[in-house]
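**Q** Kindly produce the complete structure, drawing on both the sequences and the hints.
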Amino acid sequence: MSPPQATGARAALAIGGLLVFLLALPFAADLLDVPATTSLVTRMLIYAIAAASLNLVLGFGGMISFGHAAFYGIGGYAVGILFQHARLSEPLFGMMLGTEQFLIAMPVAIVLGGLAALVIGALALRTTGVQFIMITLAFAQMLYFLFVSLKYYGGDDGLVVRRRNVLFGLDMRDAKTFYFVVLALAAAYFAFIWRIAGSRFGMVLGAIRQNDRRVAAIGIGVYRYKLAAFVLAGMGAGLAGGLWANYARFVSPDMMHWTKSGELMVMVILGGAGTLFGPLFGAAGLITLETVLSAWTERWQFFLGPILILIILFFRGGLSGLVALFSGRNR
Amino acid sequence: MKRRTFLTVAGAGVATLAAPSILHAQTPLRIGLITTLSGPGGYLGADIRDAFNLAVEMEGGKLGGVPVEVVVDDDGFKPGQGKSIAERMIKNDKIKLLTGIVFSNILGATLPDILDADATYVSPNAAPSNFAGKECHKNYYVVSWQNDSLHESAGQMAKELGYKTAFILAPNYQAGQDALAGFKRMFGGKIIGEQYTRLDQTDYSAEMAAIRAANPEVVFQFHPGGLGIAFLRQYAQAGLIDKVPMAVASPSLDHTTLKAVGDVALGLWVSSHWNVDFDNAANKKFVPAFMAKFNRTPTYYASQGYDTALAIAAALRQTKGDVGQAAFRPAMLKADFASVRGAFKFGPNQHPIQDWYALKVVKSAAGQPEIKTQRKVLTAHGDAYSGLCKL
Amino acid sequence: MSLLVIEQILNGLQLGVTLFLLAAGLTLIFGIMGIINLAHGSLYMIGAYAGALAASATGSFLLAVPAGLLAAAASGVAVEFIVIRRLYERDHLDQVLATYGLVLFFNETVSILFGRQPLFVAIPALLSGSIEIVPGLAFSVYRLAIIAVGLSLAAGLYVLIQHTRLGMLIRAGATHRETVRALGVNIRLLYTLVFGLGALLAGFAGVMAGPLLSVQVGMGEQILIMTFVVVVVGGVGSIRGALFGAILVGVFDTMMRAFMPHIMRGLLANGSEADALSAGLASMGVYLLMAVVLLVRPQGLFPARG
Numbered sequence: 000m001s002p003p004q005a006t007g008a009r010a011a012l013a014i015g016g017l018l019v020f021l022l023a024l025p026f027a028a029d030l031l032d033v034p035a036t037t038s039l040v041t042r043m044l045i046y047a048i049a050a051a052s053l054n055l056v057l058g059f060g061g062m063i064s065f066g067h068a069a070f071y072g073i074g075g076y077a078v079g080i081l082f083q084h085a086r087l088s089e090p091l092f093g094m095m096l097g098t099e100q101f102l103i104a105m106p107v108a109i110v111l112g113g114l115a116a117l118v119i120g121a122l123a124l125r126t127t128g129v130q131f132i133m134i135t136l137a138f139a140q141m142l143y144f145l146f147v148s149l150k151y152y153g154g155d156d157g158l159v160v161r162r163r164n165v166l167f168g169l170d171m172r173d174a175k176t177f178y179f180v181v182l183a184l185a186a187a188y189f190a191f192i193w194r195i196a197g198s199r200f201g202m203v204l205g206a207i208r209q210n211d212r213r214v215a216a217i218g219i220g221v222y223r224y225k226l227a228a229f230v231l232a233g234m235g236a237g238l239a240g241g242l243w244a245n246y247a248r249f250v251s252p253d254m255m256h257w258t259k260s261g262e263l264m265v266m267v268i269l270g271g272a273g274t275l276f277g278p279l280f281g282a283a284g285l286i287t288l289e290t291v292l293s294a295w296t297e298r299w300q301f302f303l304g305p306i307l308i309l310i311i312l313f314f315r316g317g318l319s320g321l322v323a324l325f326s327g328r329n330r
Numbered sequence: 000m001k002r003r004t005f006l007t008v009a010g011a012g013v014a015t016l017a018a019p020s021i022l023h024a025q026t027p028l029r030i031g032l033i034t035t036l037s038g039p040g041g042y043l044g045a046d047i048r049d050a051f052n053l054a055v056e057m058e059g060g061k062l063g064g065v066p067v068e069v070v071v072d073d074d075g076f077k078p079g080q081g082k083s084i085a086e087r088m089i090k091n092d093k094i095k096l097l098t099g100i101v102f103s104n105i106l107g108a109t110l111p112d113i114l115d116a117d118a119t120y121v122s123p124n125a126a127p128s129n130f131a132g133k134e135c136h137k138n139y140y141v142v143s144w145q146n147d148s149l150h151e152s153a154g155q156m157a158k159e160l161g162y163k164t165a166f167i168l169a170p171n172y173q174a175g176q177d178a179l180a181g182f183k184r185m186f187g188g189k190i191i192g193e194q195y196t197r198l199d200q201t202d203y204s205a206e207m208a209a210i211r212a213a214n215p216e217v218v219f220q221f222h223p224g225g226l227g228i229a230f231l232r233q234y235a236q237a238g239l240i241d242k243v244p245m246a247v248a249s250p251s252l253d254h255t256t257l258k259a260v261g262d263v264a265l266g267l268w269v270s271s272h273w274n275v276d277f278d279n280a281a282n283k284k285f286v287p288a289f290m291a292k293f294n295r296t297p298t299y300y301a302s303q304g305y306d307t308a309l310a311i312a313a314a315l316r317q318t319k320g321d322v323g324q325a326a327f328r329p330a331m332l333k334a335d336f337a338s339v340r341g342a343f344k345f346g347p348n349q350h351p352i353q354d355w356y357a358l359k360v361v362k363s364a365a366g367q368p369e370i371k372t373q374r375k376v377l378t379a380h381g382d383a384y385s386g387l388c389k390l
Numbered sequence: 000m001s002l003l004v005i006e007q008i009l010n011g012l013q014l015g016v017t018l019f020l021l022a023a024g025l026t027l028i029f030g031i032m033g034i035i036n037l038a039h040g041s042l043y044m045i046g047a048y049a050g051a052l053a054a055s056a057t058g059s060f061l062l063a064v065p066a067g068l069l070a071a072a073a074s075g076v077a078v079e080f081i082v083i084r085r086l087y088e089r090d091h092l093d094q095v096l097a098t099y100g101l102v103l104f105f106n107e108t109v110s111i112l113f114g115r116q117p118l119f120v121a122i123p124a125l126l127s128g129s130i131e132i133v134p135g136l137a138f139s140v141y142r143l144a145i146i147a148v149g150l151s152l153a154a155g156l157y158v159l160i161q162h163t164r165l166g167m168l169i170r171a172g173a174t175h176r177e178t179v180r181a182l183g184v185n186i187r188l189l190y191t192l193v194f195g196l197g198a199l200l201a202g203f204a205g206v207m208a209g210p211l212l213s214v215q216v217g218m219g220e221q222i223l224i225m226t227f228v229v230v231v232v233g234g235v236g237s238i239r240g241a242l243f244g245a246i247l248v249g250v251f252d253t254m255m256r257a258f259m260p261h262i263m264r265g266l267l268a269n270g271s272e273a274d275a276l277s278a279g280l281a282s283m284g285v286y287l288l289m290a291v292v293l294l295v296r297p298q299g300l301f302p303a304r305g
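Line order of the protein sequences matches chains G, L and R. Position 254 of the first sequence, counted from 1, bears residue number 253 in numbering that gives the first Met the number 0, the numbering being contiguous throughout. Position 327 of the second sequence, counted from 1, bears residue number 326 in numbering that gives the first Met the number 0, the numbering being contiguous throughout. Position 260 of the third sequence, counted from 1, bears residue number 259 in numbering that gives the first Met the number 0, the numbering being contiguous throughout.
There could be a bad hint or two in this list.
Pulled from the structure, derived: some chain R residues nowhere near chain G, Cβ distances all over 10 Å [unchecked claim]:
{"hint": "1", "residue": "Leu3"}
{"hint": "2", "residue": "Ala56"}
{"hint": "3", "residue": "Leu69"}
{"hint": "4", "residue": "Arg85"}
{"hint": "5", "residue": "Asn106"}
{"hint": "6", "residue": "Glu131"}
{"hint": "7", "residue": "Leu159"}
{"hint": "8", "residue": "Ala181"}
{"hint": "9", "residue": "Ala290"}
Cross-link-like lysine-lysine pairs, in silico, DSS-like; alpha carbons within 25 Å at most [stated by the list, open to error]:
{"hint": "10", "chain 1": "L", "residue 1": "Lys359", "chain 2": "L", "residue 2": "Lys242"}
{"hint": "11", "chain 1": "L", "residue 1": "Lys183", "chain 2": "G", "residue 2": "Lys150"}
{"hint": "12", "chain 1": "L", "residue 1": "Lys61", "chain 2": "L", "residue 2": "Lys362"}
{"hint": "13", "chain 1": "L", "residue 1": "Lys242", "chain 2": "L", "residue 2": "Lys362"}
{"hint": "14", "chain 1": "L", "residue 1": "Lys359", "chain 2": "L", "residue 2": "Lys189"}
{"hint": "15", "chain 1": "L", "residue 1": "Lys389", "chain 2": "G", "residue 2": "Lys150"}
{"hint": "16", "chain 1": "G", "residue 1": "Lys150", "chain 2": "L", "residue 2": "Lys133"}
{"hint": "17", "chain 1": "L", "residue 1": "Lys137", "chain 2": "L", "residue 2": "Lys93"}
{"hint": "18", "chain 1": "L", "residue 1": "Lys93", "chain 2": "G", "residue 2": "Lys175"}
{"hint": "19", "chain 1": "L", "residue 1": "Lys359", "chain 2": "L", "residue 2": "Lys61"}
{"hint": "20", "chain 1": "L", "residue 1": "Lys333", "chain 2": "L", "residue 2": "Lys133"}
{"hint": "21", "chain 1": "L", "residue 1": "Lys371", "chain 2": "L", "residue 2": "Lys359"}
It is worth saying that the hints were derived from the structure and are not from the lab. The beta-carbon is built from N, C-alpha and C at its ideal position, and this holds for glycine as well.
**A** Have a look at this one:
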C-alpha cells in the first residue's frame, strides 16, 4: 500500500500550506467579493469526507463498494428525522425525543452509519469481486426504495431541516462559521485516516488488498479486518451525511440513489484511489469542473465526460498523479 | 515545490469560480433562472427557459419597462448543485429575484437559502405541499399550480364525465401518492383498483393485465414525462384504449409527449389549467410567437415560464425596478397581468387560484392528434393547503 | 385468475428477453475482457435512437432494425478502439470512471443532435394489435414477436458459442484468458469482435424497446442496473446464465408487481397502507432476489463452466 505519501518535511510543508489556504479562504472570498465560494468549498469538504470514507474501503482495502451512498443517506436522515421530531415534539419510537443539538445528532448519524455498515458488510463481505460490487448496490437500492416510500418523512420529496443544529453559542447560519465547523471535522477525519493508514490495521488492510490468501495463511482473520474497515467507512459516510443535512437543510432519498454512490466513486478515482488526499482533490476537482463548465455552457456534460476519460487515460492515479507529476515527484 | 502547486491549483480554482462576477454590469436588473436542462427531464427546463426568455425578448429586453438580464444555470437534476448555484447568484452576483426550478426535490434544497437571504422566488413549476402549507413564506410565489389541485381537477373531470368506477395508478413516491389522494378527493365514485408503480419502471404489462381483469369505467393515471409515454403506448398495445377510457392530469400528457405517443392518445381526457387553443389575447400572442421562434408546440411548462415572466413584469412595472420586499410584494400580489390561461390571482398562501378545464385528444383537420379544450370543470379553484399557511 | 397468471408470465418473459439481449453482451464483455462497462446502456440508447430516426425517415420498421444494429455496433467498435482498448490492463476502478465519462458524453451528444424531447416510434402495422392465444386471453402481437425473436437470438448465440471456432475462443477467453493469449490468438481482434457483438445485441434491444418505451436521453441508465442484476444472478461470463437469469428476473419482477398487492391486502386490513407497502416491496424485490442469490451462490446460478 502507499501509506500516507506524507513522508518528510516537504509533505509536512504541503499539508501546512493546504491548511493555511483553507483557513484563509473565506476571508479571501470576501475580499474578492465572491462570498459564495465559502459555501461551495464547504460542499467540497463534505463530499471530501464522504469520498475519503469510501476510499478507506475502495482505495486502501480494495473492496469496490457501489452502495456507499446508503450510509451517507442514513447519516443525513438521522439528522433530519431527529430534527423533525424535536420540532414537532413527537417522541421517536415512543421513547426518545428528537434533538437539534449538533453534539447529539451528529454522533447518532455516525453510529447509525456504522451500524448499517456492520449489517450490510457482514452479509456483503461473504462475496468478492463483481459480486461484492453488486450486492452492496442491492442493499443501497433497497434502502433507497424504503425511504422513497416513507411518507411520514417526506418520501420522495425529501425532508426539510428548517434550521441547522445548535452547537454551543455559534451562529451556524453564518456561512463562515459553518465552514470552519466542517473544516475542523474534515481535518480531524483526514488525520484519522492518516493514522489508520500508517497503523498495523492499515498495513494488514493493504496486504489484504494485494493478496488476501497470503494474509489468511499467516493466521489473520481477513473477514474481520475487512468488516472493521467497512464499518469505519460507514461511520465516515454517516458523518458526511449528517453534515450535508445541516449544510443543505434538506435530505432526500436521492442521497442514497446508486448515482450518488457512483458520484462518490468517481470522486475517489478522479482524485486517486488509495492516496490520502486523493478524495479531497477528487471532490474539489469534480465540483469545480461541474460548476465552471455549467456556468459556461448548458452542454457541460459534453465536455465533462471526455475530460474525465482523458484524466484516467493519461494520468495514472488521477488528480493526485497529476499533482505529483507537476511537482516533479514520482510515486 | 509541492506547496506552490497546491496553491496555484487552488488559486486557479478560486479565480475561475470568481470569473462570472467580474462582469458586474450594473444597469440591467439580473434575474436568476435555475432549471434542469440535462437528463430525461431536460425538455421541461428548456421549455420554461425558452418561454421566459421569449417574454423578455418580446418586450425588447425588458420586463415591465425595466431592462433585465436573465442568468441561466443548469442544476443537473441535483439538489446540491441547485443550492450552490442559488448561493452563487445571491451572494456573488447579488441577484435578488430567482425563478426556474422544475422539480420539488431541487426546490426543497434551494429555497431556504433564497428566503434566508431575503431574496424573492417565483416558481414556474415545482410547488410541493409543505411550502404551500406550514412552510409558506411571504417571499415565495407560485405561478403554476399546487400538486393536489391538479389531480383534484382530474377527479372532478372524471366525475362530470359520469364515470362511476375507476382504476387509479401512480408511481410510489410523494407526488404519486398525492396524485391518487387528490383524484379521490373529488371523484366521489368507487375506486375498484389502486396500484402503485415504480419510478424506474419501464414495463407496465402487469398493470395492464390487472386493469383488464378489474374492468373499470375509467382509468386515472399519473406518470409524468417519459413514464407517461411508455404507459400510454403499452395501454394502447394491450388493446385497452378502445375498451376503458382514460382520464389524466396534464403532466401525464403534454404537447411534447403527445408527439411521441401519436395516434394512440386519441380519445384521452386531460385536465389542465392551460391549453394552446385557449381563446384569449395573451395566449394568442404567446403561442404563435413561441412556435415561430422555436419551431415546436409549447407545453404547459412553457406557458408557466411565460406567465412567470409576465407576473414579474407586472410587479416591476409598478415598482419601477425595485425588488426590495417592501415595494415588490404588494405589487406582485396584485397579479396585475393578463395570464395566458385566463383568470389568475394569488390565494392567501401566494399560490394560484385559477380555473381548470377538461381537454380531449382528437384528430385535427390535418389528421394529426391534437389536444382540444372541451369545457371548464372547476372555477376559481385554490388548493387544500392554504388553510395551514399563516402569512 | 389462471388466465391472468399465464398473461403475467408471458409479460415477464418478454421483459426477460429484452434484458437478455442487454445482459448477453454485458456478461461477455465482463467475463472475457474483464471490463465493467457502464456505457452499455448508452449503446442501447443509440440503437433505439437510430431505429426511431430510421423508422420515421423511411416509414419502414424493417429498415429501422438494421439501422439500429449498425449504429450501435459501429459506436461499440469505435468506443472499444478509442477508449476501452486502453483500459484492459487497468483495474476496475479506472474502467468505471472512464465508462461513466462515456455515459455523460453520449447522453449529451444525443441531446445536442436530436433534442431533449422523446421520439415517436410506431409499432409496425404487421405486428400491431393483439391475438387470442387461448380463449379469453388476448396478448400483444408485438410482445409475442419480441419473445420469439429474442429466444431465436438466444438459440443463435448458443450455436455461435458452442459450435464455432469463434465461440470456442470466446468460451476459452471467459475462463482461461491468459492461456488463450499465450496460444497466439489475436486477442485484440477477438476483444473488438466481442465488444461489437455485445453492442449489436444492445442496439437490437434498443430498437425493439422503441415502440414500447419512451425513446429519450437517459433511457440506458434506467435499464442498466437491472441488467447488471441479471448478469450477477445468472453468473458472470455465462450466456446460459444471462438467459436464465434474465427470464428469472423478468418473470419475478412482473409477478411481484402483479400479485404483491393482492397478497398484502390479504394480510393487512388497511388497503392504502397495503398498497404503499406492496409497492415498496415490489421495488425492492429484484434487489432482494439478487442479494439472496449472491449469499447462497456467490458465483451466480449458472456460472460459466471452467
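**Q** Between the alpha carbons of Lys371 (chain L) and Lys359 (chain L), is the straight-line distance 25 Å or under?
**A** 5 Å, holds
**Q** Classify the label on Arg85 (chain R) as holds or violated, using whether its beta-carbon is more than 10 Å from each beta-carbon of chain G.
**A** Not fine: 5 Å to the nearest Cβ puts Arg85 (chain R) too close to chain G.
**Q** Straight-line Cα separation of Lys183 (chain L) and Lys150 (chain G) no greater than 25 Å?
**A** The hint holds at about 18 Å.
**Q** Does Lys189 (chain L) lie within 25 Å of Lys359 (chain L) when you go C-alpha to C-alpha?
**A** Holds, at about 23 Å.
**Q** Is Lys242 (chain L) close enough to Lys362 (chain L), meaning Cα to Cα at most 25 Å?
**A** 19 Å, holds
**Q** Taking the shortest Cβ-to-Cβ distance between Glu131 (chain R) and chain G, state whether it exceeds 10 Å.
**A** 37 Å, holds
**Q** Given the hint that Lys150 (chain G) pairs with Lys133 (chain L), test it: the Cα-Cα distance must not exceed 25 Å.
**A** 17 Å, holds
**Q** Take a quick look at whether Lys333 (chain L) and Lys133 (chain L) sit within 25 Å of each other, Cα to Cα.
**A** Holds, at about 23 Å.
**Q** Starting from Lys137 (chain L), check that the Cα of Lys93 (chain L) is at most 25 Å away, please.
**A** Holds - the C-alpha atoms of Lys93 (chain L) and Lys137 (chain L) are around 20 Å apart, at most 25 Å.
**Q** For the pair supplied as a hint, Lys389 (chain L) and Lys150 (chain G), confirm whether the alpha-carbon distance does not exceed 25 Å.
**A** 24 Å, holds
**Q** Is it the case that Leu69 (chain R) keeps its Cβ farther than 10 Å from each residue Cβ in chain G?
**A** 23 Å, holds
**Q** Straight-line Cα separation of Lys61 (chain L) and Lys362 (chain L) no greater than 25 Å?
**A** Status violated; Cα separation ~39 Å.
Violated hints for the displayed structure, listed by number in ascending order: 4, 5, 9, 12, 19.
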